[in-house]
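In order, the protein sequence lines correspond to chains A and B.
Taking numbering that gives the first Met the number 0, the leading residue of the first sequence gets 0, the next gets one more, and so forth.
Taking numbering that gives the first Met the number 0, the leading residue of the second sequence gets 0, the next gets one more, and so forth.
Derived by calculation from the structure, the hints in this document are not laboratory data.
Since this is a predicted model, take the numbers as computed values, not measurements.
We treat Cβ as the ideally placed atom computed from N, Cα and C, and that holds for glycine.
It is possible that part of the hints are untrue.
Unchecked claim - One-sided and incomplete, this derived list gives chain A residues near chain B with beta-carbon spacing under 7 Å:
# : residue
1 : 17
2 : 21
3 : 22
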Amino acid sequence: MFELCIPEFLGGRCIPSMALFSQLLIGLINGSFYALLSLGLAVIFGMLNIINFSHGAQYMMGAFVAYLLLQHLGLNYWMALIFAPIIVGAIGVAMERLFLQWLYKLDHLYGLLLTFGVALIIEGMFRNQFGSSGLPYQMPEALTGGQNLGFMFLPNYRAWVIVASLTVCLGTWFIIERTKLGSYLRAATENPALVSAFGVNVPRMITLTYGFGVALAAFAGVMAAPIYNVSPQMGAELIIVVFAVVVIGGMGSIMGAIVTGFGLGVIEGLTKVFLPEWSNTVIFIIMAIVLLVRPAGLFGRRT
Amino acid sequence: MKRLMSLAAFSAMLMCGTAQAQQVTVKIGVMSDMSSLYADIGGPGSTAAAKLAIADFTKANPNVKVDLLSADHQNKADVGSSVVNQWFDVEKVDLVIDVPNSGVAFAVSEIARSKNKTFIVSGAAASDLTGGKCNANTVHWTYDTWMLANGTGKALVKTGGDTWFFLTADYAFGHALDRDTSAAVEANGGKVVGRVRHPLNTNDFSSFLLQAQASKAKIIGLANAGGDTINSIKAGAEFGIVKGGQKFAGLLVFASDVNALGLNTAQGLTLTESWYWDLNDTNRAWTKRWQAERAAAGKFPTMVQAGVYAGVTHYLKAVVAEKSAADGKAVVERMKSIPTDDPLFGKGTIRADGRKVHDVFLLEVKKPAESKYPGDFYHLRATIPAAEAFRPLKDGNCPLAKS
């Protein structure tokens, strides 16, 4: 057993190598959330050219809908995992039809400002209704407890988070990059006029894509409900980090969002061990460096 | 005729005189976090508490007229300062009360001093408000970091929790709470084996908890608040911290946090509060009135909101005794000289440094099976007498205490 240390001028904290494995795993778990959320953002930006600032609010709504389904309809976590994304996705569709569809031809800034305003309104409404301190959400019975991996105690729920997130991420990537439906989508972004000439209903496809991106956020929200505080500001705190992840990965790149999401989770996890005070800042430092060296992001296409 | 005139003038003067002696007008401003993370701790619930206090007091003293204002400081010292300046200069407000968030409270305290108004702190925690940064216009009512540290820290060390690891929010409040608790732990023979400072509003605490787990400390002290505390405890339950024999000490946990955690997760947590809604019949009756005023049947008032009620009540008593609210320093002087006595905090005193002292309670969160009705959160484990609950006057380094 050996110890790993960082240089003296950075504080010189050390941890045993076994503890490092556990911290890497924890980082990967947190990365799952970043990946899920930045994936939704990347899908929406890549297909609609909208910088969806209400993504955090939609993530929060996912968690709240899960809570409400449990309280009022008695629907458990597994049902919420299916229904909350559908409900919140439908709200997203309504929002796209009412507001966003008028903005595609304008500068990105308009979409950003609109979605930011909507996020503030949604968060304010939830705060009014539910207060600011948060609501309890119990973990499903089947996922309580954990496994002793030798180097750490891995809660079953966290293992489930990694598996579910990876599945959803790779599934989304596959649909968009490898199926016929995905090719329509990508073509519609490149040249909507031509694609509609082939008889494809482009506006409807765009609307459903936005709904799907929002549903991904809500899915992440349900995943978060049992382990994080379900409060109206839960999304606002996370969304800034997720935007940094998307910028690092390259706006609109699906695989970029997934890989950087997991990767930055790991880097942040290691910072929490060696330089805990910096753990909220490290992602932004990386973002600044990446923007200097590769302005389009690590996986972004230069346009 | 001349005699009659002078008689009339005399009686008019008399009437005027009595009217003046009786009619007292006071303007009170509740400043709180109305819309963000502390809004359930103080916020609109504090305004409701102030309304109740005013209603009760003016019923018994119909000659007192009280106007009430409220504002949101948004947890920003600059916003708080500009609102308070406007209140004092334009609106002629006499008393500012509540102000959860120590950063804003320091700013307001300084303005109240420079404009000779009155400031009663209920929501803010930093013990420096009656320590090095005390002044003659500020009263600290409900609780402070020293009291929390001493209550929970001492009790846990005495029951065998003698090694501590701190999760500390990396800003002034967290540092103060960490410092005061470490001192209490060490003074009682315990040892601090490590600490990690995490940024404010951290989402995931599992990494920090693994470090705490590796430290083998018996107690993990949470020198943070609100969402950070909730996320720490939730992750702790998940990672089997409590099952593994370690125990959390919530150094600043409110009833609203326990509600957000759910008893299943929060059970066994030890904490200190100076007021609990379910402690006695008076508190329960007051809670019903508060819920009606607040139009929130499922919510339970926190000690901060109770502190606003008690603070306003005592302030109005002092104003009546002083016959005017104009001179903030004189009113605070009067508040210190008359003993406090209100339905929620009982009998107590305000010390020379502005510290209100009263009994505080060491509480333990119930198991879900032990909780009989909504809001039935705590077992009362001990009552810490007023004389021991707060930092001794001489240790605070407050200039007012020396004269």
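Hint-by-hint comparison with the structure:
Hint status for residue 17/A relative to chain B: violated, with the closest Cβ pair at about 9 Å, above 7 Å. Taking 7 Å as the C-beta contact cut-off toward chain B, the hint placing residue 21/A at the interface holds, the least distance being around 6 Å. Evaluation of the residue 22/A hint against chain B yields a held restraint, the C-beta minimum of about 6 Å falling below 7 Å.
Consistency note: the structure conflicts with earlier hint 1 alone.
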